[in-house]
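Taken in sequence, the protein lines are chains G and H. Residue numbering for the first sequence follows the working numbering, beginning at 40 and increasing consecutively. Residue numbering for the second sequence follows the working numbering, beginning at 36 and increasing consecutively.
Take these hints with a grain of salt, some might be off.
Said to hold, decoys possible - According to the in silico footprint, chain G covers these stretches of chain H (three or more CB under 8 Å from chain G):
no., region
1, 253-266
2, 422-432
To be verified - Just the calculated beta-carbon pair ranges, DEER-fashion:
no., chain 1, residue 1, chain 2, residue 2, range
3, H, Thr192, G, Asp152, 49 to 55 Å
4, G, Val168, H, Pro92, 41 to 47 Å
5, G, Asp170, H, Leu184, 55 to 61 Å
6, H, Arg416, G, Val168, 18 to 24 Å
7, G, Asp170, H, Pro225, 33 to 39 Å
8, H, Ile463, G, Asp152, 55 to 61 Å
9, H, Phe67, G, Ala115, 32 to 38 Å
10, G, Asp170, H, Glu454, 51 to 57 Å
11, H, Leu163, G, Val168, 52 to 58 Å
12, G, Ala115, H, Val125, 22 to 28 Å
Please keep in mind that the hints were generated in silico from the structure rather than gathered at the bench. Built from N, CA and C at the ideal position, the CB exists for glycine as well.
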Amino acid sequence: MPTQWVMKRLGRRAAAALLLVLATTGCTTAEVAQPTGSTVPSSALTPPADSSGPQPPSPSPAPSAPSDVTVAVTIAAGRVTPSGANVRVGIGQTVAVSATSDVAESLHIHGYDKTLNLTPGQPTALTFVADQRGVFEIETHESGKLAAKLIVS
Amino acid sequence: MTAAAATAVSRPVGALVPLHGIGGRQDLPLPFELVVAGAATAVVASFLVLGLAWKTPREARRELRLGVTATRIVDSATLRWTVRGLGLAVAAFMALALLFGQDLLTNPIFGFVYVWVWVGLVPVSLLLGPVWRTLNPIRTVHLLACRLLRTNPDQSTVLLPSRVGRWPAAVGLLSFVWLELVAPERVTIPIVLLWLALYIVILLFGSVMFGQHWFSAADPFEAYALTMAKLSPWGRDAGGELMLRSPLTNLATFIPQPGMVVFLSVLIGSTGYDGFSNSGLWVRSTQDSVIPGVLISTLGLLAFIAAVLTTYLAACWAACRLTNTPGCALPGLFLHSLVPIALGYVTAHYLTLLILEGQRVLITSSDPLSRGWDLFGTTERGVDASITNYPGLIGSIQAGAVVAGHILGVVLAHNRAIELFPRRAALIGQIPLLLVMVGYTVGALLLLFAE
């Protein structure tokens with residue numbers, strides 16, 4: 040079966056070509072991380088705009104310091120907004136996640152293992168520093184719906 | 036905090052997330068340039084093989100015979116029972132965590148099943164060859180019971196018809212990927228316990244009826260491990276003497292048992308579905324649907340498997356027509372060429388999971404019953420996630436694995452074609468499968484790219 044000969048004739052050629060392409064493209068990917076200036080879809084950036092009801096002090100530490108990336112999640116009538124959005128975050132940036140819900144829910148940020156426990160009508164928020172690269176889901180706990188994915192690079 | 040509250044906080048629900056129910060982190064999408072480069076490499080390499088490569092079948096001459104002594108050591112009862120004991124001990128430990136541990140994500144059983152066994156059996160088999168047959172704790176239990184009852188483990192009450200082949204394992208694999216990727220609450224003790232109990236009962240019951248041959252036929256993990264072991268350098272000659280040889284030569288000795296076409300389709304299709312089901316497109320279009328999520332996910336999974344199966348069978352059928360081969364046996368004869376493609380897929384999808392979550396199993400194993408123990412002194416250790424600092428490297432390995440698997444698959448298919456067909460027919464006959472393989476590879480790269 041095709042062993043030595045393959046390796047000599049084709050494998051070496053193909054492997055060299057492959058390595059070359061991968062090496063060139065691999066280099067560009069390493070530069071992706073941007074220290075500042077995030078490109079978040081506008082849908083995910085909408086600040087919590089419900090100033091209608093009375094706003095009791097949030098149980099979680101409200102983000103006082105300006106954050107680099109904001110994700111505002113609204114859970115209403117069984118729907119989650121944003122729904123499956125991609126949110127790009129540079130490594131080391133501060134991420135603020137805020138949420139309001141019309142039902143008792145919790146919102147979980149996978150990988151970073153952060154959870155927002157939501158009481159109906161009470162806006163809640165948390166901030167954290169995105170210090171690990173990868174894709175992390177922000178998901179509702181009870182209904183298991185994906186609000187957004189943090190793409191930390 | 037009550038146990039239930041602790042569960043609520045620490046369990047990021049399994050409803051949508053597959054393995055990430057445990058992991059929580061997925062790899063970054065591949066940069067587009069890498070996808071294009073990978074696809075281009077795959078296409079160019081395919082046609083290089085087709086057009087320029089060897090025209091007569093190549094047989095490997097070089098193999099390193101390891102001699103009678105090495106063979107005797109590897110086959111020795113001492114070594115065999117040491118390995119069996121190891122497999123049994125680890126399984127027994129995890130069974131304790133499963134039966135008496137708490138239903139928390141910190142229970143090591145989840146990572147053990149979904150990462151150590153399911154993903155880990157691949158590198159173990161690639162490095163050590165068909166070791167899973169000996170590690171398999173259920174085989175060992177059966178063997179010990181037979182010793183105790185002084186019966187022959189090969190003895191069967193009913194003879195298993197040879198056409199059964201690996202069909203039970205294919206069905207078992209389908210049920211496991213459904214558990215892993217679709218089942219609601221798949222990262223909870225009751226569900227994992229139910230699946231494992233059924234798996235063990237079916238294996239043990241069958242082994243009583245059909246003898247230990249049943250494990251080869253029905254254990255999906257063993258069938259998977261032994262398939263991957265064909266890509267290891269470990270082989271045997273006709274007399275059973277141990278030798279080292281090229282993995283490609285090893286793989287050409289792959290015997291396409293009945294059911295294996297479906298088995299490999301399930302393996303490749305489910306891995307593809309895993310990538311697809313994480314894409315924003317799929318999530319956005321399904322999560323607010325009126326159709327229950329489990330149903331959509333099940334149909335999605337089956338659709339991916341069916342797509343792999345039908346495209347492969349169609350390529351083989353077309354090859355039969357083009358080469359005028361009567362009584363088409365090609366699906367079996369070319370099947371081994373799908374094995375490196377499957378390896379490329381699982382490497383791209385699960386390598387970082389194995390590295391990161393594999394460590395977590397080691398950490399959580401120190402406290403299997405959630406009682407504050409530190410059995411192995413690993414409780415305080417965190418997961419070393421430094422590999423995530425090299426996204427370019429990870430992406431290159433992912434794309435490289437898919438493309439390398441593709442090239443090996445094409446090479447194997449080419450060699451098999453020129454073994455089977457006259458020269459001109461061989462050239463034409465391999466085109467359909469080659470196109471299908473290009474499709475698998477481009478598809479895999481796009482899934483890795485999809486956001």
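Could you work out which earlier hints the structure fails to respect and list their numbers in ascending sequence? 1, 4, 11, 12
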